[in-house]
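Colleague: Chain residues, written in single-letter form:
Protein chains: 2
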Amino acid sequence: MTKATDRTAGKAPRTRRKRDDEVVAAAAKVFYERGYSAATVQDIADELGILKGSLYHYIKTKEDLLFRLFEQVHEEVEAILEEVLAVEGINPLERIQLYVHRQVVHNLNDLTRISIYYHELDRLSEDRKRSVIAWRRRHDRFLRDLITEAQQQGLADPSSDPGLLANCVFATVIWPYRWFRAGHGDTPESIAETCTAFVSRGVAGGFPMN
Amino acid sequence: MTKATDRTAGKAPRTRRKRDDEVVAAAAKVFYERGYSAATVQDIADELGILKGSLYHYIKTKEDLLFRLFEQVHEEVEAILEEVLAVEGINPLERIQLYVHRQVVHNLNDLTRISIYYHELDRLSEDRKRSVIAWRRRHDRFLRDLITEAQQQGLADPSSDPGLLANCVFATVIWPYRWFRAGHGDTPESIAETCTAFVSRGVAGGFPMN
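So the sequence lines, in the order shown, correspond to chains D and L.
Take the first sequence: its letter number 38 is residue 37 in numbering that gives the first Met the number 0, and every next letter is one higher.
Take the second sequence: its letter number 14 is residue 13 in numbering that gives the first Met the number 0, and every next letter is one higher.
In short, the hints are calculated from the structure, not lab data.
On a predicted model such as this, the values are computed, not experimentally measured, just so you know.
Backbone N, C-alpha and C fix where the C-beta goes; we use that ideal spot for every residue, glycine too.
Please note: incorrect hints may appear among the correct ones.
To spell it out: a stretch of chain L is covered by chain D in this simulated footprint if at least three of its residues, at any positions, have a beta carbon under 8 angstroms from a beta carbon of chain D; those stretches are [as the list claims (entries may be wrong)]:
#1 159-173
#2 187-198
Below are the DSS-like pairs computed for lysine-lysine, each with C-alpha atoms no more than 30 angstroms apart in a straight line [what the hints assert, rightly or not]:
#3 L/Lys128 - D/Lys28
#4 D/Lys17 - D/Lys128
#5 L/Lys28 - D/Lys128
#6 L/Lys59 - L/Lys17
#7 L/Lys17 - D/Lys28
#8 D/Lys59 - D/Lys28
Chain D with its partners taken away, still in its complex shape (with noise of 0.2 angstroms):
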């Protein structure tokens, strides 16, 4: 959002953030449906219900729109991180376990912005697409941390390298947007079990060794 020219700056942050989700929510079907290179600002306004130069009071450039919905896609995983390592009295494995069971469900709620979130990247200004990278850095380290804990404190095999594993982990709660649709009988929350119990059976292995 261009702040200098954001008309709804003055009310409530309530309204503004409400606004701001309508027309990130209106800009993630669009990109969607047609592709973000295929896609307008007029076709936006459209789907809004509004004039393209109203528009034009929150954004400057269609890039703007995308990198809203980056930043709105890290916030929530940022608060979805801070959850989980708020929890007290559960130990490294079960954050993990926490983690992948919470981020699947609200990837799987979210196709669309996921969706765009994982295939236009490369739309991005070098600028932006380095602070994406930065978000995803932290991320990456906030696993590869839990891993590196579970491991020293024997609930995880000590044998496979954090990192690649945590790669591994990430593959399990990404790839389900692949392949969802909703209304076929799976449902996030299904999907989030089975995914929760393979990444913790896959990073556990046989530990504890009791």
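Chain L: place on chain D using the hints.
Modeller: Structure of chain L alone, referenced to chain D:
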């Protein structure tokens, strides 16, 4: 390849195959670097160092080259599946391990074609897309059947759905192409080893229970 206009049709199969591979490899490189939509048949002819007219002896449209790439990838996957099924004296879980290792190494040694394979399916015509989806279903079934057998033989936790578990395995096998860059420490083999261990534990759980 449009057989009727293939000038190498009368030549030895080995020559024809080699030429075919060269054409698809050049197309893959161009699609990868410019994106399928932006790439032209002229770009591919330039990459091969031949005239555009010569390339039209092999294909009618740019999409023919994309589909040929999909065909090649599937022929190679089929070869891996057959090889894995042909090994004697191993149990279903060991067969899954062998499949994961072989497929990960294969994918990581062929990043260009694999990237196109996972990104450009929607560029194929409906008929061709359906063929690819049918091939993928066979691939799915191969893995789901092995997981079911492993569960029946007490080698894997029977509490998870084999279809959902198969998707977790595919995630682990496919995802490395998204982050792997040759020459940065990890090798296709070291990644394949971690993926194999992760999948094996993820599918087997605490089984066999002795």
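Colleague: For the pair supplied as a hint, L/Lys59 and L/Lys17, confirm whether the alpha-carbon distance does not exceed 30 angstroms.
Modeller: 20 angstroms, holds
Colleague: Given the hint that D/Lys59 pairs with D/Lys28, test it: the Cα-Cα distance must not exceed 30 angstroms.
Modeller: 19 angstroms, holds
Colleague: Examine the segment 159-173 of chain L: at least three residues should have C-beta closer than 8 angstroms to a C-beta of chain D.
Modeller: holds (count 10)
Colleague: Quick check: the segment 187-198 of chain L, covered by chain D? Criterion 3+ residues, Cβ under 8 angstroms.
Modeller: With 7 residues close enough to chain D, the hint holds.
Colleague: Does D/Lys28 sit within 30 angstroms of L/Lys17, going by the straight-line distance between their CA atoms?
Modeller: Distance ~44 angstroms between L/Lys17 and D/Lys28 Cα, so the pair is violated.
Colleague: Given the hinted pair D/Lys17 and D/Lys128, is their alpha-carbon gap at most 30 angstroms?
Modeller: 26 angstroms, holds
Colleague: Within a Cα-Cα threshold of 30 angstroms, do L/Lys28 and D/Lys128 meet the stated pairing?
Modeller: 23 angstroms, holds
Colleague: Within a Cα-Cα threshold of 30 angstroms, do L/Lys128 and D/Lys28 meet the stated pairing?
Modeller: 23 angstroms, holds
Going through the hint list in order, the structure does not satisfy hint 7, though it satisfies all others.
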